Each structure stands twice: as structure tokens, then as C-alpha cells.
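Given next are the chains, with one letter for each unit.
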Amino acid sequence: MQLSKTRKRAVSVIAASFAAIMLLLALPVSATADEVGTEFDDKIFGNVKLDGESLGGVEITVSGNGYEASTVTGADGRWSIGVPERGQYEVILNEETLPEGIAVVEDGGPIKQVEFGLTGTVVTNYFIGEGERTAIGLWPQFFTRLVYGINFGLMLGLASVGLSLVFGTTKLSNFAHAEMVTFGAVIALFFASLDINPFLGIILAVIASGLAGLTQDVILWRPLRRKGIGIVQLMIVSIGLALTLRYVYQFFIGGSTSQLPPLGGESFKLFGSLTLSTTDIASMVISIIVLIAFALWLTLTKTGKATRAISDNSDLAAASGIDVDRVIRYVWITASALAGLGGILWAYFRPGIKWDMGEKILLLIFAAVVLGGLGTAFGALIGALIVGIMVETSTMILAPDIKYVGALIVLIGVLLVKPTGLLGTKERIG
Amino acid sequence: MDWIQILSNTVESILSPVTFAFVLASLGLAMHFGFAGLLNFGIAGFMAIGAYGYAISVLRFDLPWWGGMLVSIVAAIAFAILLGAPTLRLRGDYLAIVTIAAAEIARLLFLTNTFDDFTGSASGLFGYHDSFRAANPIPEGTYGFGPFTYSETDWWVRIFGLAVLAVVIWLLWALSRSPWGRVIKGIREDEDAVRALGKNVFAYKMQALIIGGVFGAMGGVIYALPSAVNPTVYVTSLTFFIWTALLLGGAATVFGPVLGSIIFWVLQAFLTNVLPALAQEGGILESLTSQQASTLRFILVGIGLMLIVIYRPQGIAGDKRELTFVK
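Read top to bottom, the protein sequences are chains L and P. At position 1 of the first sequence (counting the first as 1) the number is 11 in our numbering, and the numbers step up by one without a gap. At position 299 of the second sequence (counting the first as 1) the number is 821 in our numbering, and the numbers step up by one without a gap.
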């Protein structure tokens, strides 16, 4: 262990001085990366980009299975390292070789764990944002995390209110809801591949998500409700559906991460270390507008009121003349469309689209819904904001790779202490 | 297409340690769900605890292999108590969410770099085989016939796995027809009625959770025994696959989980071999890449799970009257 660490450091020092010399001499970085380990069949390769611009001269080290190799990215930001066997490797980006004041800000930082799937190649990309590595005070750091947390919480909110509505009206704990989050992102990727206007593509993707919700209700959930299948069985059916959808996505987009087309715009350095891109700001504004529209729909329109009535007491609602099936159909459409929109925004936030991206936040969605009170849409929204902020701010204390643990502990804690959540009311018995 | 090879690989999966691990875990789940009515969606967590408990105690604390297994069992008991003490009074679907979250917490804690010295974080644990292999009574060599030809090490793992299986199956069978088993089934059907008879319902549920959890942990040990502990294995999908195997065979039976797991893995092995071959050779799957072809089998698992639950919730070997508690 000790030895390899020293070696790593030695390698990085050499590479860093190498990069520095090149900068001093103002030599152009070689146009393509020097490939390392070309004698092997399998390789790990990828791209390093800073705000969409390729970044050359960055040192990448791959280690694992008793093998270690380093390379430097070419001017096109590409790098490639051949490895002797398929397995798990650790990819490390040497932050010393990045331009001043730049750090890897995505999940996990400069160190990534990769694993070979069925093919002989693994793609590992670094999409780097500005800054953070500069030492900053506790409060500005907290404030930055808070804003990211609110952004993430709003996306979670979009996904959570739907799950909560579905639970409220049908008593189904829908494990396939997170797949609707992925659905939105994957369909947006599909429309992006058609080369249409990206904004139009996003709108179409949200509509498609709503239609997917409608389809689900028509061909699966309504017949099962008619059949009188119990809630536990329905829950397991939703797990089967989640598995099916998840692997259907993998079938179409493969195991790698894809990117939506950038929406353009620039980054604003607001203050302290807080930098938001236009996309971030737009994402927050869109979330807030949509959530307000949703709240108005739920409180003011006839269908919205009927939805809440069914959540309160389904039989009473049916007896007072509400067409329960019709309302539930609207609920599925709304829930899926909101989840799909959440997925698209999240694809920009992460960034990237992966077949199992929804599964990754399924339990966070559940945590948000449970925290707010199962079946209450507004509770889910508050729960989502709390969970989002908690996940992002907890990285100040916890390692980033266990930032979800706190939220899961809250989920369990709430169910134990106050199963009705923040806004839920105690169920009446008798 | 090499049908002989494909069939041989398929048949071979019956004696694979992964199949044994699935049988053990689904027997544990049968205890939880089939007999006690507990919706445990954290069986992957129990398996992870078993596997890591074994590997960590052998690798980091130099315990012998049987010591490692004892540690796994104790750790599973502790996890069951930790999980069950506060949650067993929750309603079914709430319990499902809590257990799935608990398993995910366990997995994230095994995966994080924070405890790398113990858990090996993302690269997992390997190289803990010496002690177990040293106990191998079989002389060196290759034994067996046809697809079941293994080295002495592979046979040792398989024989040990079969022995554990036999004990667990006997235990579950004996428990299910004991007075204790009848109380457990009574709790599954109507908790209040059993409580009215003066039984301590909570204690019974906890005992069921512990016993099933230990089965699951032994499944994790057998899974890890021949190869390595890899944190990417113990994800929620593993839990869902074990549920599929359990429900396929029959949740409230002893024989069902065994049958379900074997069918699950034989089908998986068959599809793993056949689908990419079909994609290569052309025909109906001609336009697919081999990766797409092998993704198909997981799509089929999902569809299969839905169909079982909708049309035959009692599974192949089950009796519908045993599953009236699933509401």
C-alpha cells in the first residue's frame, strides 16, 4: 500500500513538472493522447472537459488488479489506458495538473471506481466545473452546498409529489416510480438524437412521460385494481415493472453514461465559491414554476380537489359522485410527467444519463415522501427539499460516497417515530 | 451454435455456489415472508453482512474459516435485532421500505472509502481462501463427469455448500411443522388472534427475522466462498432477484425456494449462453449486439416476476390458501 502510494505521488510529481515545463515552453499539447498499455485488448478511456471545453495535459492514473499506469490527456481531452484484465479499477485524475482554481466537483471527486461489463472497454469521463479547491470558509461553503441542495431538492420534489399522489389515491408503494425519472431523461436523449431544438425536445419528453404514465395505468394498474389485487402484490408487481423498465433502458442506451446536448449559456460566479450555470438557474426556476402550477392544480381545480378527496377517503369520494378511475388516470399522467421532468433536470445536474440513474434516487424519493407524510403532495415537496439539502450539506461532514446514508437513516427514523410524517394526519380507525 | 456446450453450461449451474447462495437466501426469505408474513426487502443486506463478516474476520483478524462463519452468523443476528427491534410493529409496506433502506445503508457503508482498511471499498475483498482450502479433505485432482467436472477446491466448496443447504432445509422443514412454526403461521394470518392467546407476538416475529437472517447471511458466505466479495453484488436488484426466485417456487413452502432458485439460475445460465449466440448467428435476434442480447434475460426476469405475482402468487409448489395473508 505504502509503496504504491509513494509511487503514485512520484508519478504525479513527474507528470506535474512535465505539464509545467510544457506550459512554460508554450508548446502545444499533443493533438491526441499518448495511448498507454496498447498491448492489452481491454482498455479504459474517456474525456476530460472543463465546462464543455476539452482539457489537455491532465494526468490520469489507472490502478487495480496489481496493475498501474498513467497517461496525460491530449489537446482533445481524450485519454486511453489499456489494462491486462477486465475487473475493477480505480481511475484517479491528478488535480495538481488542472488549471489554477479548478477541481473535480462531480460525485466522488477525482477518484472514480470503474468496472468492466461485458465489453472490453470502459468509458470514464470527467466533466469539471470551476473551483471549490480553493480554501473557503465554513459558511460560504455551507451556503454553496445549501443552494445545490435546494436545486437537488426541487428535482426530488418533482419526482416525489407524483409518488405521493399515486400512494394517496391507490395505496400503491410504486417502486417503478424512479424508472419514470430515468424515462424522462432517456426519452429526452432520444429526441436530442433527432437533432431538434433541445427545448422542444425537453417539452416533448415531458409529454411522452405523461403518456407513459397513462399507458401504465391503462394496460397494467387499472386492470389490476379491477381484479382486486392486494397492495402487497401490487407493490411486488411494481418491482417487476421497475426491473423490466430498467433493463429495457440498458438494452437501448447500454451501460455507459450519455449526455444531453448543452443548453448553452454561461456560468455565473455569484459570491464565495458559489457558481451557478444558466442551466442550474433555469432548472430551479422551471422546478419552482411547475411545482406552483401543480399546487394550484391540486388546490383549485375540480380534478385536483377530487384527487385530494380520494386520498382522504376513496370510498366516500366514490360515493359522492367522483369518478375515481378517471381521477386516478390523471394522477398517473401527472405523476409520470413530473417525474420525467425531474429526470431531465437531474440529467443536467448530475450530469449524465445512465440506465440505472433512477434506481439511485429511488430511496431518496421514498425518504422525501415518507418524511412529508405518505399521500400528502405538499408534504412530499417539503420532505424533498429537506432531503435534498441534507444530502448536499452532509458532504461537509461525511465522505461524499456516503452522503445518501443520512437521508436513509432519516427515512427509517421518521417511520419509527412518526410514521405519518410531517404533514400526514393520523388515519382514522372505525 | 454449440448446443452441447450451451446445455452443459446450463446444467452445470445447478451445482454452482451462486445457486446455493440463492437457495439459502430464498429459504431465509421464505421464513420471513412465507411463514412469518414479514415483508423483508433487505435480504441483500443480510447476504452482504454474511459475506463481509466472513471475509473481514478471516482477512483482517486472522480467524480460521469456521471462526469467520461464526462471526457472520453473530453479525446477522445483531443486524436482525437492530433492524427488527424498532420496525417489527410497522405495517407491511412500511416494513418493506425500512428494510430496503437498511440494506442500502449497509451496502453504502461497505462501499465507502471511509472504511477502506476493513472493507476494501469499491474493490471489495479477496484472497481469504487459504484457511478454508487448507481444511479440504479431498486429495488433489480433478473429479466428476460431464459438466460436473471440478478440481478438488471446487468440489470442496460445493460439498460444503450442499451440507449447509441440507442443514438449513431440514431446519426450516422441522421448524415449519413444530408448535413454534404454527404460532408463526398464526401470526402471519392474524396477529391479534395470536396475541389474544397470550403469545408474545413481537418475540416470535423477532425469532423468525433472526433465523431467516442467518440463512441469508450463510447464503452470502457461500456466495463469497469460492471467489471474492464484491460490493456491486449486494444491490437492491439482488434482493429483487431472490424475491423472484422465492415467488416462482412458492413462498410458503420449504421445497419452493429450492426449486425456484434452481429454475431461476438454470434459466439465467441458459439465456446467458443462448441469447448472445443467437445474436451472433443471426435469426430473430440478428440485429442485436451480444450485450443487448444478454440484457434481454433481465428484462425477462422483470416480466416473469410481474406475471407470477399476478397470475400465480403462490408459486409453482405453493398452495393458494397459504397466501391469503398477502393483501
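It is possible that part of the hints are untrue.
Said to hold, decoys possible - Calculated pairs, BS3-like style, for lysine-lysine (alpha carbon to alpha carbon, straight line, at most 30 Å):
1. L:Lys428 to L:Lys181
2. L:Lys59 to L:Lys428
3. P:Lys721 to L:Lys428
4. P:Lys842 to L:Lys59
5. P:Lys721 to L:Lys237
To be verified - Here are the computed distance ranges between Cβ atoms for each label pair:
6. L:Phe200 to P:Arg582: 46 to 56 Å
7. L:Asn323 to P:Arg582: 21 to 31 Å
8. L:Gly97 to P:Ser812: 14 to 24 Å
9. L:Arg235 to P:Glu711: 44 to 54 Å
10. P:Phe667 to L:Gly97: 26 to 36 Å
11. P:Thr671 to L:Arg232: 24 to 34 Å
12. P:Ile825 to L:Arg232: 34 to 44 Å
13. P:Gly666 to L:Asn75: 24 to 34 Å
14. L:Phe200 to P:Leu630: 51 to 61 Å
Derived from the structure by calculation, the hints contain no laboratory data. All values derive from a computational prediction rather than experimental measurement. Note that beta-carbon positions come from the ideal geometry of N, C-alpha and C, so glycine has one too.
Status of each hint after checking the structure:
The hinted pair formed by L:Lys428 and L:Lys181 meets the criterion: a straight-line CA distance of about 19 Å does not exceed 30 Å. Annotation: proposed proximity of L:Lys59 to L:Lys428 is violated, straight-line Cα distance about 46 Å (limit 30 Å). Pair hint P:Lys721 plus L:Lys428 holds up; C-alpha atoms about 27 Å apart against a cutoff of 30 Å. Our distance criterion of 30 Å between C-alpha atoms is broken by P:Lys842 and L:Lys59, whose separation comes to about 58 Å.
For the proposed pair P:Lys721 and L:Lys237, the alpha carbon gap of about 36 Å is over 30 Å, so the pair is violated. For the hinted restraint 46 to 56 Å between L:Phe200 and P:Arg582, the CB-CB distance of approximately 48 Å keeps it satisfied. For L:Asn323 paired with P:Arg582, a C-beta distance near 56 Å fails the hint of 21 to 31 Å. As the Cβ distance of L:Gly97 to P:Ser812 is approximately 20 Å, the hint placing it in 14 to 24 Å holds.
For L:Arg235 paired with P:Glu711, a C-beta distance near 25 Å fails the hint of 44 to 54 Å. Here the CB-CB span from P:Phe667 to L:Gly97 is close to 32 Å, well matched to the stated 26 to 36 Å. P:Thr671 and L:Arg232 have their C-beta atoms about 53 Å apart, which leaves the hinted 24 to 34 Å range violated. Against the hinted window of 34 to 44 Å, the Cβ-Cβ separation of P:Ile825 and L:Arg232 comes to about 19 Å, which falls outside the hint.
Here the CB-CB span from P:Gly666 to L:Asn75 is close to 30 Å, well matched to the stated 24 to 34 Å. For the hinted restraint 51 to 61 Å between L:Phe200 and P:Leu630, the CB-CB distance of approximately 32 Å leaves it violated.
Violated hints, listed in ascending order, are 2, 4, 5, 7, 9, 11, 12, 14; each of the other numbered hints is respected by the structure.
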